[in-house]
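Line order of the protein sequences matches chains A and B. Heads up, the first sequence is in the working numbering, so the first residue is 1 and it goes up one at a time. Heads up, the second sequence is in the working numbering, so the first residue is 1 and it goes up one at a time.
Just so you know, these hints were derived from the structure itself, not from any lab. If you're wondering where the values come from, they're calculated on a predicted model, not measured in any experiment. C-beta atoms are modelled at their ideal positions from N, C-alpha and C, and glycine is treated no differently. Take the hints with a grain of salt, since some may be wrong.
What the hints assert, rightly or not - Simulated crosslink set (DSSO-like; lysine-lysine; CA at most 30 Å straight-line): (1) A:K79 - B:K565; (2) A:K91 - B:K452; (3) A:K79 - B:K374; (4) A:K79 - B:K43; (5) A:K79 - B:K452.
What the hints assert, rightly or not - Distance ranges between label pairs, derived from CB positions: (6) B:T14 - A:Q252: 29 to 35 Å; (7) B:T527 - A:P84: 17 to 23 Å; (8) A:W86 - B:N88: 56 to 62 Å; (9) B:F345 - A:A80: 44 to 50 Å; (10) B:S2 - A:R236: 55 to 61 Å; (11) A:V102 - B:E584: 52 to 58 Å.
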Amino acid sequence: MSFKRSKRAIRFIFMALAIGLSVSGCGNDFVLLHPAGPVAASELNLIEITAATMIVIILIVWVLFGIALVRFRDTPGNKAPYRPLWDHNKKLELGVIAVSVVAAVIIAVPTWNKTFALAHVPKGKSPIVIDVTSLDWKWLFEYPSQHIATVNYIDVPTNRPVLFELTADSPMNTFWVPQLGGMEYTMPSEVLPLWLEASKPGLYWGRSGNFSGSGFVHMTFNVHAVPASTFNAWVRNVKTTQPKMTMADYRQLLKFNWIAPRYYSAYPAATFPAETHGFTLEGGMYMEMQPTPK
Amino acid sequence: MSSLLALLFPPSTTRNMELSADVLIILASAAIIFYLTRWHRWKYLWREWLTTVDHKKIGIMYLIAAVTMLFRGGTDALLLRAQLAVPNNHLLGPLHYDEIFTTHGTIMIFFMAMPLIFAMFNIAIPLMIGSRDVAFPRLNAISFWLFAFAAFLFNISFVIGGSPNAGWTAYPPLTELAFNPGVGQNYYLMALVVTGLGTTATGINFLVTILRMRAPGMTLMRMPMFAWTTLVTSVLILFAFPPLTVAMVLTLFDRLFGTAFFTIGRGGMPMMYVNLFWLFGHPEVYILVLPSFGIFSEVVATFSRKKLFGYSTMVYSVLAITFLSYGTWVHHFFTMGAGAAVNVFFGLSTILIAIPTGIKIFNWIFTMWNGRIKMTVAMMWALAFIPTFVVGGATGVMLGAVPGDYQFHNSYFLIAHFHNVIIGGTVFGLMSGVYYWWPKVTGRLLNERQGKWAFWLFFLGFWLTFMPQYALGFMGMTRRMYTYSHGFGWSSLNLISTIGAFVMGAGFVVMVYNFVWSQIHGEIDVTGDPWNGRTLEWSTPSPAPEYNFARIPVVTDRDAWWAMKQEQKTNVVQIKPQEITDIELPKSSGIPFLMGLSFFVFSVGMVFSWWWIAGAGFLGFVVCMLVGTFDYDDHKEVPRQEIQNTESAFGRLQG
Ligand code: HEM
Ligand SMILES: [Cu+2]
Numbered sequence: 001m002s003f004k005r006s007k008r009a010i011r012f013i014f015m016a017l018a019i020g021l022s023v024s025g026c027g028n029d030f031v032l033l034h035p036a037g038p039v040a041a042s043e044l045n046l047i048e049i050t051a052a053t054m055i056v057i058i059l060i061v062w063v064l065f066g067i068a069l070v071r072f073r074d075t076p077g078n079k080a081p082y083r084p085l086w087d088h089n090k091k092l093e094l095g096v097i098a099v100s101v102v103a104a105v106i107i108a109v110p111t112w113n114k115t116f117a118l119a120h121v122p123k124g125k126s127p128i129v130i131d132v133t134s135l136d137w138k139w140l141f142e143y144p145s146q147h148i149a150t151v152n153y154i155d156v157p158t159n160r161p162v163l164f165e166l167t168a169d170s171p172m173n174t175f176w177v178p179q180l181g182g183m184e185y186t187m188p189s190e191v192l193p194l195w196l197e198a199s200k201p202g203l204y205w206g207r208s209g210n211f212s213g214s215g216f217v218h219m220t221f222n223v224h225a226v227p228a229s230t231f232n233a234w235v236r237n238v239k240t241t242q243p244k245m246t247m248a249d250y251r252q253l254l255k256f257n258w259i260a261p262r263y264y265s266a267y268p269a270a271t272f273p274a275e276t277h278g279f280t281l282e283g284g285m286y287m288e289m290q291p292t293p294k
Numbered sequence: 001m002s003s004l005l006a007l008l009f010p011p012s013t014t015r016n017m018e019l020s021a022d023v024l025i026i027l028a029s030a031a032i033i034f035y036l037t038r039w040h041r042w043k044y045l046w047r048e049w050l051t052t053v054d055h056k057k058i059g060i061m062y063l064i065a066a067v068t069m070l071f072r073g074g075t076d077a078l079l080l081r082a083q084l085a086v087p088n089n090h091l092l093g094p095l096h097y098d099e100i101f102t103t104h105g106t107i108m109i110f111f112m113a114m115p116l117i118f119a120m121f122n123i124a125i126p127l128m129i130g131s132r133d134v135a136f137p138r139l140n141a142i143s144f145w146l147f148a149f150a151a152f153l154f155n156i157s158f159v160i161g162g163s164p165n166a167g168w169t170a171y172p173p174l175t176e177l178a179f180n181p182g183v184g185q186n187y188y189l190m191a192l193v194v195t196g197l198g199t200t201a202t203g204i205n206f207l208v209t210i211l212r213m214r215a216p217g218m219t220l221m222r223m224p225m226f227a228w229t230t231l232v233t234s235v236l237i238l239f240a241f242p243p244l245t246v247a248m249v250l251t252l253f254d255r256l257f258g259t260a261f262f263t264i265g266r267g268g269m270p271m272m273y274v275n276l277f278w279l280f281g282h283p284e285v286y287i288l289v290l291p292s293f294g295i296f297s298e299v300v301a302t303f304s305r306k307k308l309f310g311y312s313t314m315v316y317s318v319l320a321i322t323f324l325s326y327g328t329w330v331h332h333f334f335t336m337g338a339g340a341a342v343n344v345f346f347g348l349s350t351i352l353i354a355i356p357t358g359i360k361i362f363n364w365i366f367t368m369w370n371g372r373i374k375m376t377v378a379m380m381w382a383l384a385f386i387p388t389f390v391v392g393g394a395t396g397v398m399l400g401a402v403p404g405d406y407q408f409h410n411s412y413f414l415i416a417h418f419h420n421v422i423i424g425g426t427v428f429g430l431m432s433g434v435y436y437w438w439p440k441v442t443g444r445l446l447n448e449r450q451g452k453w454a455f456w457l458f459f460l461g462f463w464l465t466f467m468p469q470y471a472l473g474f475m476g477m478t479r480r481m482y483t484y485s486h487g488f489g490w491s492s493l494n495l496i497s498t499i500g501a502f503v504m505g506a507g508f509v510v511m512v513y514n515f516v517w518s519q520i521h522g523e524i525d526v527t528g529d530p531w532n533g534r535t536l537e538w539s540t541p542s543p544a545p546e547y548n549f550a551r552i553p554v555v556t557d558r559d560a561w562w563a564m565k566q567e568q569k570t571n572v573v574q575i576k577p578q579e580i581t582d583i584e585l586p587k588s589s590g591i592p593f594l595m596g597l598s599f600f601v602f603s604v605g606m607v608f609s610w611w612w613i614a615g616a617g618f619l620g621f622v623v624c625m626l627v628g629t630f631d632y633d634d635h636k637e638v639p640r641q642e643i644q645n646t647e648s649a650f651g652r653l654q655g
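Whole structure, please, built from the sequences with the hints as guidance.
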């Protein structure tokens with residue numbers, strides 16, 4: 001092996017990556033880098049802090065490693081020092097520990113702050129509640145205040161937090177709309193809360209992030225963020241033009257299949273758990289739940 | 001009759017790929033049986049291998065099994081990548097894809113990485129610490145056969161009964177009968193229980209071996225680093241595998257006997273499984289990587305011709321990692337609603353564990369510093385580890401920052417992270433170990449030119465495969481998707497990743513060629529010390545005689561063999577004829593093999609709910625236990641004369 005050859009290899013990899021990135025439309029497809037709301041933006045901010053810190057560590061290691069590799073090769077006439085017994089150096093070791101600790105603190109502080117901050121819907125804002133149930137293999141959304149339900153599609157008002165209450169009548173999934181924020185699991189007999197908010201109107205795709213069987217790839221849905229007035233008009237429209245969901249309709253949804261979006265002007269309350277069990281609600285919640293009018 | 005056929009061969013096992021696998025298996029078995037019969041090798045096979053309790057031979061068997069499983073797991077990987085090469089691909093259907101990613105992950109972790117680690121333990125540890133065998137040689141063989149039969153059991157699911165298909169993590173309720181009928185999931189559960197028992201026994205064995213059987217003078221702080229990491233890995237195994245076994249057995253009860261530990265609808269708690277699984281799972285990732293850390297420490301020091309830098313810091317880091325690794329498991333499910341305080345606790349513990357890991361990386365660099373680096377293939381694998389693993393560790397920290405993980409969890413960013421640490425850490429390390437210790441067990445050196453080809457293909461293939469996957473994570477691609485459509489911008493990066501995977505596959509092929517070629521044509525290692533080594537295994541001839549050391553060495557320094565060479569005292573390995581005494585060694589036994597077989601029969605009974613077969617297997621196990629317990633004839637003496645002949649053949653007789 002020669003150093004030149006490995007350098008050429010590294011250059012090749014970067015070129016391949018660059019080509020890959022540019023063919024892939026450079027930018028807009030990187031949904032994590034294009035947050036459309038405060039939760040996703042805050043998460044992206046932390047990702048940037050951790051990435052920057054880690055890149056510094058990676059570069060330190062790469063550079064030191066590169067120098068060691070070039071300078072201390074076992075070649076005839078190598079003039080670099082050879083000290084076979086050199087096995088400790090207090091200052092160096094303390095320095096390494098110090099660098100690591102500093103990097104850890106730089107990451108730990110915002111992690112701490114943001115984890116707590118994102119655990120609550122911001123004070124003084126009243127969220128709109130959407131009850132989410134993952135089914136095999138589709139998403140059922142129920143609006144307890146608006147009394148409407150949809151499948152694989154939701155409208156949400158912009159600039160207002162949305163509190164998703166997540167459960168499952170199926171194996172576990174995660175509910176994920178990358179441009180609005182990170183994911184949270186849906187689990188049978190548990191209700192987990194997740195709040196997101198869209199600050200820009202737009203159509204954002206969501207999907208399940210946790211494998212739940214052979215139809216799992218089809219567990220996609222769209223989130224349409226619109227101004228409040230448009231949202232209200234949409235609700236009225238669903239209420240007046242769409243059929244009611246009956247228990248029989250719900251049982252149809254439990255079938256193992258995937259379907260196009262659907263809309264219902266009403267739904268039976270029994271389709272969402274009135275209470276949950278397990279450590280989630282007793283042991284502490286990721287986010288404070290708002291009482292749901294049932 | 002037809003219902004039996006439907007049970008054994010459900011539609012999922014009668015697809016083209018499965019049928020061709022059937023044909024291949026039958027052909028290969030026929031060829032092996034023919035070979036063994038034609039050349040009268042059955043007796044040899046039984047006497048020298050199937051009944052052996054010699055740690056070196058057990059190590060070789062682990063090595064062969066692991067490379068075979070790497071082939072199976074690698075083939076799975078290439079199929080997965082081929083399916084994802086282009087959008088809307090129809091090479092594999094969803095059912096097929098789900099089975100293959102499940103067997104890929106399970107095989108790679110439990111039936112490739114673990115046995116390869118145990119191969120290294122067995123090959124190196126007793127020689128390294130100046131011992132004649134492990135503490136419990138027969139138990140060592142039992143561990144191997146439990147693993148081997150479990151691996152066999154897991155692999156036949158592909159062609160008989162159907163593969164498991166719920167991922168290597170196998171979360172309920174997806175593994176419940178209601179969502180997962182058929183026997184595939186039972187295979188997974190039984191295979192993990194059986195191999196887990198063997199692994200636990202290995203942990204006990206090496207813990208006791210290292211604590212009790214070191215050569216005189218080898219204090220704990222004079223042990224080679226690999227002995228240290230083996231020691232703490234054994235401790236980790238002891239505490240990590242019980243929760244896994246519990247999780248598997250309870251799931252099995254839910255499936256077979258209608259209990260409701262995790263079964264929804266009747267009050268079961270799937271969340272409980274997730275906790276048990278990761279209480280095993282996180283320590284497991286350190287079980288995978290710590291042995292490699294030990295190997296790097298040996299290899300980097302040897303080929304830099306220099307002492308290991310910061311030995312005691314390394315020891316304390318490893319101990320810190322061991323302790324901390326039990327306090328981070330929740331980071332695998334931050335997104336399951338444990339609450340902000342719990343998440344912060346586990347997020348910070350995760351960031352904390354990166355500190356000792358990082359310190360170790362710097363210490364390897366400082367070991368090279370002021371040394372003289374020699375580029376052997378073993379060293380190249382070790383060197384490749386440093387710049388690779390640091391990236392995996394860094395992305396691990398990014399995952400440990402809780403709100404970041406909300407976006408990364410279960411995405412291709414996660415997939416890239418753990419391949420980055422498991423391939424860049426565990427696999428590179430084990431490959432380094434294989435190239436390093438190969439001459440010690442086989443007596444032949446691996447061809448370096450071929451080895452370099454294999455290395456470069458594998459190394460470059462790795463970067464090409466996994467770096468694009470980090471980007472795919474940022475584009476929102478989630479794991480375990482069998483296909484994707486145009487329009488997300490995922491296509492070209494997936495194609496690059498697939499190309500990389502095939503480059504790695506080519507590297508594997510060259511490596512196997514390298515192994516086989518070198519076994520036939522490779523240079524013979526006459527010195528026993530081809531690398532100018534530092535630790536005791538290099539003071540023995542290659543391959544080492546059955547009794548390892550005619551006289552147990554006395555250790556006065558950390559790098560014991562290096563010190564002897566420096567002080568020109570290498571003649572201590574030569575023995576005077578009058579000093580030779582008989583050596584007591586453990587005697588071969590058929591019981592470990594039969595015990596593995598009994599567990600296999602028992603497992604087949606459990607998988608198919610054929611209780612009388614399960615009963616027969618269990619009975620076999622009880623009989624093996626009883627016979628083994630009252631078998632007092634478990635030692636043999638190697639007579640003086642035989643030792644004298646062996647030593648003189650090696651030219652190690654004094655006077
Ligand atoms: C610097 C040290 C490390 C840190 C901070 C770290 C952090 C993490 C975190 C937070 C996750 C969970 C991500 C998620 O599920 O969303 C994770 C997953 C994982 N890590 Fe690491 N990790 C480290 C080292 C390692 C090592 C050394 C290995 C193995 C050799 C490893 C193997 C894995 C595996 C297998 C998974 C994913 C398992 C799965 O979900 O299937 N990690 N790591
Ligand atoms: Cu972990």
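*asked:* Hint compliance check: list the failing hint numbers for this structure, sorted ascending.
replied: Hints 2 and 4 contradicted; others consistent.
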